[in-house]
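Peer 1: Here is what each chain is made of, one letter per residue.
6 protein chains.
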Amino acid sequence: MNPEFYDYISEKLFKAGAADVYFSDIIMKKGRPGITLNVICETELADVIKEIIFTESTTLGIRMFRFHKETLSREFKTISTIYGDVTIKHSYLNGKEVSAKPEFDECRKIASEKGIPIKEVYNYMMSLITKFK
Amino acid sequence: MNPEFYDYISEKLFKAGAADVYFSDIIMKKGRPGITLNVICETELADVIKEIIFTESTTLGIRMFRFHKETLSREFKTISTIYGDVTIKHSYLNGKEVSAKPEFDECRKIASEKGIPIKEVYNYMMSLITKFK
Amino acid sequence: MNPEFYDYISEKLFKAGAADVYFSDIIMKKGRPGITLNVICETELADVIKEIIFTESTTLGIRMFRFHKETLSREFKTISTIYGDVTIKHSYLNGKEVSAKPEFDECRKIASEKGIPIKEVYNYMMSLITKFK
Amino acid sequence: MNPEFYDYISEKLFKAGAADVYFSDIIMKKGRPGITLNVICETELADVIKEIIFTESTTLGIRMFRFHKETLSREFKTISTIYGDVTIKHSYLNGKEVSAKPEFDECRKIASEKGIPIKEVYNYMMSLITKFK
Amino acid sequence: MNPEFYDYISEKLFKAGAADVYFSDIIMKKGRPGITLNVICETELADVIKEIIFTESTTLGIRMFRFHKETLSREFKTISTIYGDVTIKHSYLNGKEVSAKPEFDECRKIASEKGIPIKEVYNYMMSLITKFK
Amino acid sequence: MNPEFYDYISEKLFKAGAADVYFSDIIMKKGRPGITLNVICETELADVIKEIIFTESTTLGIRMFRFHKETLSREFKTISTIYGDVTIKHSYLNGKEVSAKPEFDECRKIASEKGIPIKEVYNYMMSLITKFK
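Chains A, B, C, D, E and F, in that order, are what the protein sequence lines are.
Per the working numbering, the first sequence starts with residue -6, numbered consecutively.
Per the working numbering, the second sequence starts with residue -6, numbered consecutively.
Per the working numbering, the third sequence starts with residue -6, numbered consecutively.
Per the working numbering, the fourth sequence starts with residue -6, numbered consecutively.
Per the working numbering, the fifth sequence starts with residue -6, numbered consecutively.
Per the working numbering, the sixth sequence starts with residue -6, numbered consecutively.
Errors might be hidden in some of the hints.
Put simply, identical chains are the same to the list, so a pair is met inside one copy or across any two.
Stated by the list, open to error - With a straight-line Cα cutoff of 27 Å, these simulated DSSO-like cross-link-like pairs (lysine-lysine) come out:
1. Lys5 <-> Lys102
2. Lys43 <-> Lys62
3. Lys102 <-> Lys8
4. Lys62 <-> Lys102
5. Lys107 <-> Lys8
6. Lys8 <-> Lys43
7. Lys43 <-> Lys89
8. Lys107 <-> Lys62
9. Lys107 <-> Lys70
10. Lys107 <-> Lys94
11. Lys89 <-> Lys23
12. Lys62 <-> Lys5
13. Lys22 <-> Lys43
These are computed hints drawn from the structure, not numbers from a lab.
What you are looking at is a predicted structure, and each value in this text was computed from that prediction instead of being measured.
Okay, chain A solo, but in the shape it has when bound (with noise of 0.2 Å):
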């Protein structure tokens, strides 16, 4: 498959509700080099996903299977900075916090317009995080 229509179908797939779409690397028969897609969504979706990938892909089979997954519940909290408010996302294992990081891409909003290095502002937000601890 053309490597252009990865990023097509990608963005396709997640319109029409896929819950993650990704990529490995696998060597195929007689050596070559191939590439899955994977896409994780609900068991209502499957029909619509199945119809996209054969439609727009050049695959001739899907594998399909059932699994479990669990997900950290999250919260979303703003706090003040010095470069204004920022959203950060919190997620709990049973009630307790196990991280809580900014929303990156304010975080890249404010590296662009401030024409500061996104690690800095990032490791900043993280520091503010870790003091309302």
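Use these hints to put chains B, C, D, E and F onto chain A, whose structure you have.
Peer 2: Positioned in the frame of chain A, the structure of chains B, C, D, E and F alone reads:
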């Protein structure tokens, strides 16, 4: 495992009836680079496949799970080209054609015999198929 | 490095004039999975590129070497199609055409707007180009 | 995730009883390079394993599914060699030996202490095993 | 090559003075999965390194080329934390600090001894460093 | 590029005199999965190799650099085995043997004809070689 073993085992698994055989790279315990051997086969072939893997490879364990595979229905047709007759593989999803492409081995043979770049032969075949539609 | 940083840095490097930016997977010291950032640029851009990498990424060292790059000469032509005018990129080796393909972004736009599978739009364009020859 | 975390988490998971832990490379949303952490464990360990992953790593979701694992039965025997006693791991499929190899850590120790290339030590052990048969 | 050999050889190369050792996956002749061993060292070490590779691995050929390596200048400072003194690695580009991070092995030790998630220890250290600035 | 093209091109490059041809996975611009084609050849073959790559593949650019390649000197000897004569490839570094292994294609042929697992044939040959020393 000696890398020279891979294509030997792959070939042996296909001969035994495997529907697909492919390899993927992983990072194992203690950061050792590893290769997983993946085989897809009908349930009734599982025992034969398992014996080949255990006997021919150096693996100590095989993980097995069932999944549902959906494949496009296919039809092979022949078209006339300036290089002679060529087989075209048509694929259908619910009766609607979603893909059509020339048999690669026939394109390859033409490219070799006529001294024409493979992509030129392939694109020419694709243009004939597209015109047909 | 936070994976969210990759496309940010990649974009920044392209904006600064990098000819190409790509990533590859490696297994680092102690078996840690790592990613190498590879940048190709003109010699006179090396300092700017180096500063971006050191400032924006978490790397501690950059390896540099010169190489010769040979590229095909290109020409862009426009053809009329049932979907309107489309740009075709022709590539030449010593004056002889070795490749011709439609601009992907234009195909993508047509596919989205008309609701046609991307591979159908692409193959149609390829067949027009091939007929031209 | 900081690459330095990988071997820490891997070690922690093995200590908690995981049967296997490995990593593989993927291409995530927006073309970001990613690493999947794969853990194989008995069903009754799932909760402990899950908590370690959510607490120690930066993942937001874990996918789980059951599979059947077939392993060769093993037996450890000791043989006398010019370097002292060495443990040999014999593997059996339905009572028939399909593999025999020296414990790597013992070969490694001999190679280090005697200043002999590891492959020479290993091949020597393999030749003793093969002669035994 | 037996995957168990990789970390043995890697360790041996680092002991001999290699600046970096890493592995990457390739697809070799006849589609066989392969691993390249990459070693970076000072020119005067080349002969020692080469001998280790040829003696310990199963390779038949080594490719060598010189390149220029640019590294950040580093400074190690100690800060007081609620877990005791911790070393911080500061990196500078043309005299300007572009990165600062805690020594991972010290964080790891604290995490293990106190039973705190590694990412919590690490983020706490990062917040102290950031506050310092 | 159509994955079916890879082994065709690889074969063509070997026929033209390439010393080695291999592929590796990268993540290209916009996160597209890509494959690099790597060819190693003598300087005087560069033009022929370049023309094949530009003509047969879909690449638009080739990067070239010179490097020094060090290879072990080799000698082929024949030994008598219970399966008949087999060729052994001996490799030497500064006159000292550092490796010896049986020709894989001969082992493969024996394994196929006698119905013996490939690793058993291979290990048997290795044990004979080791005894020889």
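Peer 1: Hints first: check each against the structure and report whether it holds.
Peer 2: Consistency of the hints with the structure:
Both within a single protomer and between protomers do Lys5 and Lys102 lie at most 27 Å apart by alpha-carbon distance, with minima of 25 Å and 13 Å respectively. In this assembly of identical chains, the alpha carbons of Lys43 and Lys62 lie at most 27 Å apart whether taken from the same copy (20 Å) or from different copies (11 Å). Taking identical chains as interchangeable, the C-alpha atoms of Lys102 and Lys8 lie at most 27 Å apart whether they share a chain (23 Å) or sit on different chains (16 Å). For a Cα distance limit of 27 Å, the shortest separation of Lys62 from Lys102 qualifies neither inside one copy, at 32 Å, nor across copies, at 32 Å.
When the C-alpha separation of Lys107 and Lys8 is checked against a cutoff of 27 Å, the pair qualifies only between copies, where the shortest distance is 17 Å, while the shortest distance within a copy is 32 Å. In the homo-oligomer, the alpha carbons of Lys8 and Lys43 lie at most 27 Å apart inside one protomer (14 Å), although the nearest pairing across protomers, at 30 Å, exceeds that limit. Taking the shortest Cα distances, Lys43 and Lys89 sit within 27 Å of each other only across copies (14 Å), while inside one copy they are farther apart (37 Å). Taking the closest pair of Cα atoms, Lys107 and Lys62 never come within 27 Å of each other, the shortest separation being 39 Å inside a single copy and 31 Å across copies.
Taking the closest pair of Cα atoms, Lys107 and Lys70 come within 27 Å of each other only inside a single copy of the chain (23 Å); across copies the shortest separation is 29 Å, beyond that limit. In the homo-oligomer, the alpha carbons of Lys107 and Lys94 lie at most 27 Å apart both inside one protomer (20 Å) and across protomers (23 Å), since each shortest distance falls under that limit. Taking the shortest alpha-carbon separations for Lys89 and Lys23, neither the intra-copy value of 50 Å nor the inter-copy value of 30 Å comes in at or below 27 Å. Both within a single protomer and between protomers do Lys62 and Lys5 lie at most 27 Å apart by alpha-carbon distance, with minima of 22 Å and 22 Å respectively.
Proximity of Lys22 and Lys43 under a CA criterion of 27 Å is satisfied in both settings, with 23 Å inside one chain copy and 19 Å between copies.
Of the hints listed earlier, those the structure fails to meet are numbers 4, 8 and 11, in rising order.
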